[in-house]
Amino acid sequence: MSDHLEISEGGAVHRIEVPIAGASPIDIASEAVCGLFLLAMIVMIGAEAIARNLLGTSLQVTDEVGGYLLVALTFLSMSVAESHGAFHRVEFVQMRLSPSGRMISQIIFELVSLAASALVTWQLVRLALNSFRTEDVAPTPLATPLWMPQTSMGIGMALLCLALLRTIAAKVRYLRAGAVR
Amino acid sequence: MSSGVELVFILGVFLALLCVGMTIPFAILVPSVLYLLTHAGLAGLKGLGLVSWGSMDSFTLSAIPLFILMAEILQESKLSMRVYRGLSTLVAWMPGGLLQTNIAGCAIFAAISGSSVVTAASIGRVALPELQRRNYSPRLSAGSLAAGGTLGILIPPSIAMIVYGTFTETSVAKLFMAGVMPGLLLTGMFMAYIAAHAWWRPEVSPVLTKRHSAQELASAFVDVIPFVVLIVGTIGSIYSGLVTPTEAAAVGCMLAMVIAYFWGEFNFAVLRHASQSTVRVCGNILFIIYAAYVFSYAISYAGVGEQITQFLVSLNLSQLEFFGALFVLYTVLGCLVESLGMIVVTVPLLYPVLLQYGVDPIWFGVILVLFIEMGQISPPIGINLFVIQSIWSGKLADVVMGTIPFHLIIFVLLGLLVLFPDIAMWLPGRVGSGP
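Taken in order, these protein sequences are the chains called C and S.
Position in the first sequence (first residue = 1) + 11 = our numbering.
Position in the second sequence (first residue = 1) + 5 = our numbering.
In isolation and in its complexed conformation, chain S is listed as follows (with noise of 0.2 angstroms):
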């Protein structure tokens, strides 16, 4: 078989198995297992030791489990209730009202969250049953949820930049700040659009006529000012080069025991409780990026991801025609596999190539998030769709079509970046050497 027929070969099965309902980890380890077999028999194996222990003994990595720990802790002890209770004092007087609290209340959870879908979750579960009473338009209600929910991973902390950046040794702070005014920009872009909406159409929020004491406002943001401690404290030390992501993630995990003890309901339970989704929420993040490490070193033991750079650099394409293909690879891709699983067999295949075609690795970075972001809200398989779902007593296809016009601001957004990519990478080149 030549390389390009074995890759083929390896992609098949891979997407074969994960359409036909395989779990993801195993989607991807399988097929890495079979095409070392079928290449070199049991001989092929010998590596897998040193390549698991290679792979996962590493530092960067352990940021992943503290950052869900720290948001982990932060649900668990109801603070994610204050937060949207104070959000809706402060935001709703918007054209748009508790809309408007919903992508405020996703963006400041996603700046303590590397996740969408414990964004979207969280937020969620706040803010449907209260929107529902209310009579807000339910297909603005489920969309502006489930696409705020994918600001969790634009926005650092970001999981999603913790295992690119470890597959592409790329600087996770800088990722991280390169995330930060892109993040900024769609929150913005996002709550513009729900003013204008309900602007042009008022009967998809009601109007707030209620206006707030002075003491309401106080307390509300004392609901809010936990955050912005925490994400300053967290994002901050990044930023200025105090600390690496991971030892951040180690003192969020540590400021955000202290927040919910003194704000919200904190004991031995509720860290029992947190350990306990973190350990099952990681058993499946980690088990995905060893099985990708299993998959990059199964197509790299003939040599087939150096083929397959050659082959993409011998068609000579501009930069811009590269990108094209790399839009319609993603945007189908979106919509067929998992986000972790798409950066984790894409990357290692087309990094190489970014590289030859000068593309800085930051700024793709950020391109690709938004990418799985916008796959996140994709049908069939996008997956805040359905945590919104499970969450609410309306129907799905209200939040498919309750999210397009976000699909449509992300689509947006990736054209600004590409015409302006200074909106990802001003802020990375300031940030602190680091320890």
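In isolation and in its complexed conformation, chain C is listed as follows (with noise of 0.2 angstroms):
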């Protein structure tokens, strides 16, 4: 049974080695960004707490704001977490397997990841077309036209690509160095 043991910076458990891309400036800027929207997560609700208990008033935004944030937050984190290994995986199988099985086997998952994900990506960036061409707007007092926000989902999920393709490539030249047997 592997000894290794280590909690990745996302919070994820690792038992086995698993070797990552690290961030490319891409991810630290989309990991900046993330971090404003938090932020502004929080004055903007915080905001709308306070105003609505204290001064008896709506900001009238914030459920509307606060879901495109959230929309935003979900797709760009998506590729920073895959960039620092910290997607969670069950790795009892994994711990059995030789070293190069391992690794040949977790290149066969991103890849299968990778075509997914490109599939979804493909139809997010349809999505937010459609929204331009057709002129859609919310139905809200905002009338926030739908693909602004919505173009943060077709965004997250390419970087996403970019970044299992950086994992894959990680991975093969682990496996051609030869750190593994």
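Okay, the calculated bits of chain S under chain C, using three or more residues with CB under 8 angstroms as the criterion: (1) 33-41; (2) 56-66; (3) 276-288.
It should be emphasised that the hints constitute simulated quantities derived from the structure, not laboratory data.
Yeah, the Cβ is synthetic: ideal placement off N, Cα and C, and Gly gets one too.
With the hints as a guide, dock the two chains, each given alone in a separate frame, to form the complex.
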């Protein structure tokens, strides 16, 4: 049984060694943007709670913008988590494989994940383009053009595809360098 | 392919991918996309855009990153160390000494953190070196921390409950309140077990003879009070109906920053690090939730979900038999599937059946969380076992053996909740109507 045990920066517990690509400049930028969105959520939602309870008024836009921020945070944080190896996985079968078998199986998983993510990206981009073409707006006082928040989904998923490609490249390099047998 | 076979296929692929080591969000997403493709070709994917938008454009789910950030701020500013120190003075006089502090510390940290992993890791990092230095029983030390950590998802705020509430359109505020009494009861049962064990076998914990001065007691209160203020501020405001859980999370983050500034170490670097950790954790959790929505869409695409409901209802099980079947299902799944994955994959399938059997969704939310708690300390994948193992020098076998009594205690609480549902349902009935 492997004696390797570590908690990744994203909280995932790994019992096997998992080579990661590390954060690219785009991932670092995504992480910073997500951090700003988090702070924006705190300020806006906190202000709504305070305004309603202390001033008896409402900002009217909190639910809507809060939802948009969550959508952006969800999709933009995926590539950050991938590049830091923060996704959880069940490792009791992986632990029993040889190091090279483990690496090859992980590359195959990553390729399958990439194919699924690419298909989802295609659909998310289609949605934003359709909203843009049809000039869909939110049925709210802000009347936000929906393509704007929806674009963050396509961008986030595309960045996840890039992060997966970088992870695959890192694992192939690891395998070729003879670091595992 | 018939609907039943299709469902077995999709669940089989999910479990197979999960077991062989695909990362959890992809183990849910890949079979869902595969199912849509096999069922309707590329045309089956056309609804994915709207499903993605409709599911994740959610104000309720916004509470998840905010509650995670609140706990990260407190952890990064070293406040978990302070609360442990304060509790070790206030609670350690009880039989079991610092082992009692583990449970009390986990319960208090659980009330500001929605995650078992964060709770176990925060208290474990502070407690384990001290417990090892003072020669406490390694098994009981590790077991109490792994099990105590599970309180993180039962005592509100709870990420598991937010996810369950979102998928079932159940009031998250009421779910939170439903977790309070069982959470306190479980904390009491854990502490009672430790006291009884220490009384029966005194060698598991050294006897603490030191008496604390009034000044030390006052200092201990000062260490614990910020957490009490934060807990009362967030949970109390939800209970009184002043704010929604999402607003409570935002206000909690603000309070956490103020508390960290005055009681801990808080500066821009701490905030940046807490926000980075939050983004990485969210990338995982929110992706699992998103993948589960795609999974839910895939199984509803051909009406498989409805047929499963009809099949389970046609079995004409009594409510107790149905509950027994769920008990077996979740006990087995808890050993194989990660906690959040367990909720998001099973709840969309089972929720309509629950309603047919007249099971209260709030009560079931608490039961589900208890099942997940057990899963988190069940080998081979119980995550809390590995969290504790990763921060101490003992054996994994000791952590596993140490959690067994706590496992049994959770079983007892499950039985109590079945016999006396009011343990969970009393408080939600008194929640304010809310904004």
